[in-house]
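From these two lone chains plus the hints, build me the complex, please.
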Amino acid sequence: MIQTLAFYLFASLVIGSAVMVIMARNPVHSVLWLILAFFNAAGLMVLVGAEFIAMLLVIVYVGAVAVLFLFVVMMLNIDFAEMRAGFIKNFPLGILVALILFLELFVGLVAYGAGGIQLGTPDGSAAARMGQSNIEAVGALLYGKYVFLFEVAGIILLVAMIGAIVLTHRQRPKGARGHQDIGKQIRRRPDDATVMKQPNIGKGVEL
Amino acid sequence: MTEFFQSLGMSYEWAWFVATVSGVLLIALPLMLAVAMVIYVDRKVLGAIMMRRGPNVVGPFGLLQSFADGLKVFLQETIIPSAANKGIFLLAPIITFTVALAAWAVIPFDEGVLVSDINVGLLYILAISSLGVYGVVMSGWASNSKYPFFSAMRAAAQMISYEVSIGFILVCIVLWSKSFNMSDIVLAQKGHGLGFVNGFYFNPLLFPMFVVFFISALAETARAPFDLTEAESELVAGYQTEYSSMSFALFWLGEYANILLMCSLCTILFFGGWLPPVDWEPLYAVPGIIWFLLKTFMFFFMFSWIWATVPRYRYDQLMRLGWKVFLPMSLVFVALISGYLMATGHFTGAST
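The listed protein sequences derive, respectively, from chains A and B.
Just so we're aligned: 117 in this note's numbering is position 117 of the first sequence, and the numbers increase by one with no gaps anywhere.
When you read off a place in the second sequence, starting at 1, and then add 1000, the result is the number in this note's numbering.
Next comes chain B alone, as it looks inside the complex (with noise of 0.2 Å):
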């Protein structure tokens, strides 16, 4: 995008920092449009579950509730607690939020469709959804609150714990795609299974994976069901429980894109990203970024399906499902799938 600007008679300078904010601003500003109509969804797919209408009266279907709600939130008064600590108090959510955002940079939406194609895409993901729990217990303990706290306690425990086993599964793929790139990690799944399935999870070693890394997923965005950080039988709303106006709302849809961000994780990895489902020639007449989205979408519906679906785990039982089960099964894979492509001569003609 760069040159384009440059042919326009910018400097090179200029014409970088241009390019850079307008392919920032191309990501973002849909992702924000997806977030709201996302919400949406989720209501209306937990709505149906239930055998309710769900969201039905502003606009045709209801579908402008989530700018309704967006613009009554934005009007009303922003409360903050006497006794918080202001500072810290008011950075929480634009930090839950700029991380929710940041992370999309690497994400390829199609071939060569991303603000920034790097060598460590990968590790860039690990690294930002690390930054995660910082907006949770920086707000929890800025409310100076009893149950925020609590609810960031449980948030910072609850994240560190899946993002070990998280981190053993991408080194599963990583070595299958032996590399850290996004879009050589979609490359590597064309034709994976049996010569036609594009992606790793038709795999019989890495399917496992899949549906750890999925409900780990879950639980790294505090998804039901493991939403104890704002269990609201326990903890009123957790962490956002003292919040109100834009500063709630800005830790709502930094939730919902991080949700996005884990579905669109699901799809590149395992799922084949932009490519269709099976490695036929006609299909790839649709454009790629038709079938990312697809894909992110059956994720998104498999969520809300979940959260209507499945009742709350309680806290020890989540530590002990991410620490007693998780953790030895990615790590036994871990060592398996090393063992069998050293076996196959997967690594041959690789660089020492």
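For reference, chain A alone in the conformation it holds in the complex (with noise of 0.2 Å):
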């Protein structure tokens, strides 16, 4: 009952959410309703009993990505009228586009009822074991079976962030405008950069 009535609500505003995605006329305010429909999916998520899938769906998606894309479209000023021009040339390939996905989710949906695909390994070694928690189950079998798959998963990204920092990463020479030595700043003493004067009346200090 509880859990009927809380699905309900979930997957209500999942849906709502995303639809308001693509409905807001402020790309700003699509992000937000983009958040609201990861949150919403990370509560279908718990309700399935994958909390520990829900908490990375947040951690990751709504606390690190989403800000970042909520940031690069605050900082763009987007000009709607120009966005808006584009959208009866594009019409036909978006028809196209959700027709396709939309038959596939059938085909998907067709097959899955007729019972024809089997789920995980035969054997039936990729259901829940019981007793075991979320948190565990995932590292066993990402640290035990998947452990190669999983590092070269890592290497990749690894690889990816050293090509950015690459990219970006400019070495300023010293001695030039902006370089900094945090290490001469913390040695800097009061000394070093004030001296006391105690001039007679009438007269100037000379620097």
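None of these hints come from the bench; they were simulated from the model.
The structure displayed is predicted, hence computed values, not measured ones.
Derived list of chain B stretches under chain A, where covered just means 3 residues or more per stretch with a C-beta under 8 Å from a C-beta of chain A: (1) 1114 to 1122; (2) 1137 to 1144; (3) 1156 to 1166.
For glycine and all other residues, C-beta sits at the position ideal for the given N, C-alpha and C.
Set out below in structure tokens:
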């Protein structure tokens, strides 16, 4: 009863906010609706008992990816009129993509309903193990069975990260404007920067 | 609590509903009271350090000052700038406040005294605290004003930077306590230091992590010396500049609720939560919640103390500290701690 209510609450909010993502006129509003959709999807994950995935969804997508997304959209000054102008031109293409997506969904649902696909491994080892929390199950698989794939994925991400740093990093030569030596800044003492002068009355100070 | 309401003759659904709502109220209302008192404590401590009296007019010793302020703010007019994006402008303080309260759902005040004892408690805290940045970013953007927007940019970059090292520190704690559950983390600290000190802070490998966590907590809550988001000499009042009356008060309350949350996290993760400081039988006669609150307020005192004594960081120094000092340090400690635990057979017998 409670689960059913919660499910319909989360599900309708996901669909509603997903619709609003494309209906909203302001791109910042779109991103905020998208965040709401992510958040409610996490709620659905909790309902099916995948609390670990739900928390990761919130931490990674809502907490990091969407923040950057929101930033980019806020900083760019997007011209709405120009965006609308392309609507009619791209309309047939959009319809085509939507049709293909719908067909795929339809075929998938029919195939699933016919019972023709076996999800997971045939011996049922992918089924949830009782008495084991989500995190332990995911960890055992990730660091046991799929450790090689996991490490490869990590290395690919590392390479991408280093690539981004190399592309944007700019070494400032010593002494150039903007170059900072943090050690020098910390070592600086009041005596290096200030002098005490006691000028006579009527006399100026020479610096 | 559900069973108690069921025994009163309610159906399971109603009993669950009433139990949840009363549990939330039992945490949220005392928390609001605590926030009001903590603002008073903050001002008193600041006054004492600056050799002033602090608030001393409203009520005995000025104890009711926060309530007077609250009443004043409540009766003021809410001003919405005409150029602001109204919906988001009003939503931002509500989000800040709600998120600050939501994280308290998994904080154990005593053994079994918490709203929801979930397996992924620590991840939940991390998830909720990463949501806190939205209130700030939304208010900065919706105000449609220069200073709030600068402040929002600073806040977002700052919170994301320090969350990374906080994440790694949490990994160390999880490795040592073998659980993400907050209650289990507290119980794992029983007699941890030399067999009689309750708390991870006594561990030479975890003590540096505690120091890093405490400083990151200051940065995460945008507290002095890292309060660059509301640096009054540069940004007026930061993201709150355009806010007035209740919407301003919600930011204020949310901020202090977050500070208290970080203090209680320090307590739970490193100082043994509701356990007494040392594992000595007579000390367990004192209720656990007393120990918990004492430790939390000790950390809050340290927060105010630091506010009064340390000058504000420059923004590039803040970023350097987060990315070039804390991140490598916490990464090295994750490797050190996991290596040490593997070498000493900490995980033998754990489920694989």
